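2 protein chains.
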Amino acid sequence: MSWIDDPAFSPDEPFGPQTLPYGVLDTPDGPVVAVRVGDHALPLRALAGEFSAELAPLVAAGSLDPLLAAGRPAWSALRARLRELVSQSAAPPGAELLALSAVTTRLPFTVGDYVDFYSSRHHAENVGRMFRPDAEPLLPNWTHLPVGYHGRSGTVVVSGTDVVRPHGQRRGEHGPVFGPSTRLDIEAEVGFVCGGPVAGRVSTSSAPDHVFGVVVLNDWSARDIQAWEYVPLGPFLGKSFATSISAWVTPLEAFAAARVEVPDPGHPRLDYLVEDQHWGLDLTMEVRWNGTTVSRPPFAGMAFSCAQQLAHMTVNGATVRPGDLFGSGTVSGPEKRQRGSFLELSWGGAEPVVLDDGSTRTFLEDGDTVVITATAPGPDGSVVGLSEVVGTVVGG
Amino acid sequence: MSWIDDPAFSPDEPFGPQTLPYGVLDTPDGPVVAVRVGDHALPLRALAGEFSAELAPLVAAGSLDPLLAAGRPAWSALRARLRELVSQSAAPPGAELLALSAVTTRLPFTVGDYVDFYSSRHHAENVGRMFRPDAEPLLPNWTHLPVGYHGRSGTVVVSGTDVVRPHGQRRGEHGPVFGPSTRLDIEAEVGFVCGGPVAGRVSTSSAPDHVFGVVVLNDWSARDIQAWEYVPLGPFLGKSFATSISAWVTPLEAFAAARVEVPDPGHPRLDYLVEDQHWGLDLTMEVRWNGTTVSRPPFAGMAFSCAQQLAHMTVNGATVRPGDLFGSGTVSGPEKRQRGSFLELSWGGAEPVVLDDGSTRTFLEDGDTVVITATAPGPDGSVVGLSEVVGTVVGG
Chain U
1 MSWIDDPAFS PDEPFGPQTL PYGVLDTPDG PVVAVRVGDH ALPLRALAGE
51 FSAELAPLVA AGSLDPLLAA GRPAWSALRA RLRELVSQSA APPGAELLAL
101 SAVTTRLPFT VGDYVDFYSS RHHAENVGRM FRPDAEPLLP NWTHLPVGYH
151 GRSGTVVVSG TDVVRPHGQR RGEHGPVFGP STRLDIEAEV GFVCGGPVAG
201 RVSTSSAPDH VFGVVVLNDW SARDIQAWEY VPLGPFLGKS FATSISAWVT
251 PLEAFAAARV EVPDPGHPRL DYLVEDQHWG LDLTMEVRWN GTTVSRPPFA
301 GMAFSCAQQL AHMTVNGATV RPGDLFGSGT VSGPEKRQRG SFLELSWGGA
351 EPVVLDDGST RTFLEDGDTV VITATAPGPD GSVVGLSEVV GTVVGG
Chain B
1 MSWIDDPAFS PDEPFGPQTL PYGVLDTPDG PVVAVRVGDH ALPLRALAGE
51 FSAELAPLVA AGSLDPLLAA GRPAWSALRA RLRELVSQSA APPGAELLAL
101 SAVTTRLPFT VGDYVDFYSS RHHAENVGRM FRPDAEPLLP NWTHLPVGYH
151 GRSGTVVVSG TDVVRPHGQR RGEHGPVFGP STRLDIEAEV GFVCGGPVAG
201 RVSTSSAPDH VFGVVVLNDW SARDIQAWEY VPLGPFLGKS FATSISAWVT
251 PLEAFAAARV EVPDPGHPRL DYLVEDQHWG LDLTMEVRWN GTTVSRPPFA
301 GMAFSCAQQL AHMTVNGATV RPGDLFGSGT VSGPEKRQRG SFLELSWGGA
351 EPVVLDDGST RTFLEDGDTV VITATAPGPD GSVVGLSEVV GTVVGG
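Residue numbers (full-length UniProt numbering), protein chains in the order written: chain U, 1 to 396; chain B, 1 to 396.
In case anyone wonders, no lab produced these hints; they're calculated from the structure.
Remember, predicted model here, so these are calculated numbers, not experimental data.
Yeah, the Cβ is synthetic: ideal placement off N, Cα and C, and Gly gets one too.
One should not assume that every hint holds.
[Claimed, not checked] Quick list of the computed label-pair ranges, beta carbon to beta carbon:
1. U/G395 with B/S87: 47 to 55 Å
2. U/V177 with B/G200: 19 to 27 Å
3. B/G358 with U/G71: 31 to 39 Å
4. U/V177 with B/E253: 32 to 40 Å
5. U/G160 with B/S101: 29 to 37 Å
6. U/P140 with B/A257: 30 to 38 Å
7. B/E54 with U/G71: 49 to 57 Å
8. U/G349 with B/A257: 36 to 44 Å
9. U/D5 with B/E54: 49 to 57 Å
10. B/V198 with U/A77: 31 to 39 Å
11. B/D276 with U/V177: 44 to 52 Å
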């Protein structure tokens, strides 16, 4: 029987000892690293004496940056020690459990480069049909490589941060017009937080040593700005105003029971994209719009795994650094209620979404709140939860 | 008569007191901030006592990061004091001039977000003709907004760093093939280094308070990788392996005499892109391929100024931070010998470039060295030099 008195902290619940995500709290004494246990946060600085000399500075830090840099052996050792500490019957000296509702979380690490992939076939096909109605929805390169692009790392924000409606140019009848976006959207994604030594040309087999953990990511998108600007160099201001991530980063190790094979692309893969172990993840996401569950995107069908994405991102010699972040791409399944963006759920605005309160929506209105969560199978029949990413739209 | 005994340090030379760019040297005592005077570097930490209490920590630092964050008033005060110090007849105590040939420079600041624009009409038209031969070369959005995209900040490197030929996928007869890039290219650009307070929605009139200085930038590009990957989300691995910048950052203030109006787009501009002062710059660039000058791209004809680019980049509410870097886009003029990429100079490889040694080139071969420099009109008939960006290709 653990000393932790939290009904949500049991192996039957998504945030039990099988999960143990890391975050950073704002406190009167400055930012502190914490671990989530059930619906509580356990600050770790006060417990630094419980850890080895190698690990103590990582938990006493004011961000996850030193932990991200420390690498896989330290990650494993820290997680193992934390599981001991939270499972023992007596509280370690100095331990203080803070209700999540009473803490303020902050962006837990310094974001290096942010890359956004596009690895859901259903999403790519849906968007292709809407943005390029006269062409094949899937372009010839799509099955051969994880299409991706760089986003803006300086506007990655933590869950809970309001999203100000962006202004920009959109196509008008007589040339572009300027104003607040009229087609503000979400993209439900899974984000991967990089760590370990700086490295280039990371193979699929070594990629997991460079992925510290997993977050839920909302790649807020202004479709009207994006549609006008995106040729030929890709999305820019339609995306760069905000990207939200969970406050809690769940270690990759927590997903051992969730690993699945990615779908066969229908042709041989180039060698550098072949996996000797499976790194697809059987996550189920949930998108709630003002409290109504509007979609449950399945992650297991994504065409490329995080290991393949990282191998691709570095195959040209580009380095990956601790704090680099990459998104999976919007997660959409084959069914309508599995689509990961409102663009797709409302089919470009043509089919409004009805919320539980009877109101209808196509794109986001000021005051709307979107919550995205995810769960995965954990060890021994348990469930591993990914902490929510939430944001409310405010007028710009 | 200045105490500085360097023939290149006179107002008739490009690196006289009208220029005074900042860089960072690697020394046995760690990195130190320095200013370039002629063909020498003057380390500033030893002179910290010559500066006010506000400025001293900026010059005693190990990178330009504190200086970039300090903002326009500090930038002006530091530059004014430096002009006094380098112009006086007696050397300040502790001053030591180091020959540039004897110092090692390093990346002088921490790169935040890196954005690359596409604001040369001639370049965009040339590339459009080659990449999309069946369509109008200039897309409808191009004259209305500075088209741009985010690049990889983690692979921005300082001048002198070797460039390893990237591997990647390219289009083959029966699907993609993988290997070293066969169409490795340069892009001659001007880079703008951001500073001042973190800000969003920067107007064209306040943009100069967020631009600390100017570098020459080489956006190395693997055209075969780029051509296969870039639809629909833009360039990714074809660019992200390396972007080189000058070791010395020339303050924006040095370009007061170089400011010109950007060309009329042929239609009214949206309000946020109107300039109340001109921030086009009359720079002339020079591209040398293994010692042969193959191009002299004119910067004055660029369709958008740095102020317009920064206003656009933040008009959606995205913040700009000290250390953010943006490139102008490849600078190409109307004449063949004014093109800023080898793709254009060799017209996709169809028209080889002849070097002074009689050899011919289309794209870069291993061992090739490219040097890009630029000059601008300075005050009172002087010339302001931008320090070279140089890189040598090595086999990957």
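May I ask which of the numbered hints given earlier this structure violates, with the numbers listed in increasing order? Of the numbered hints given earlier, those the structure breaks are 3, 5, 6, 7, 8 and 11, listed in rising order.
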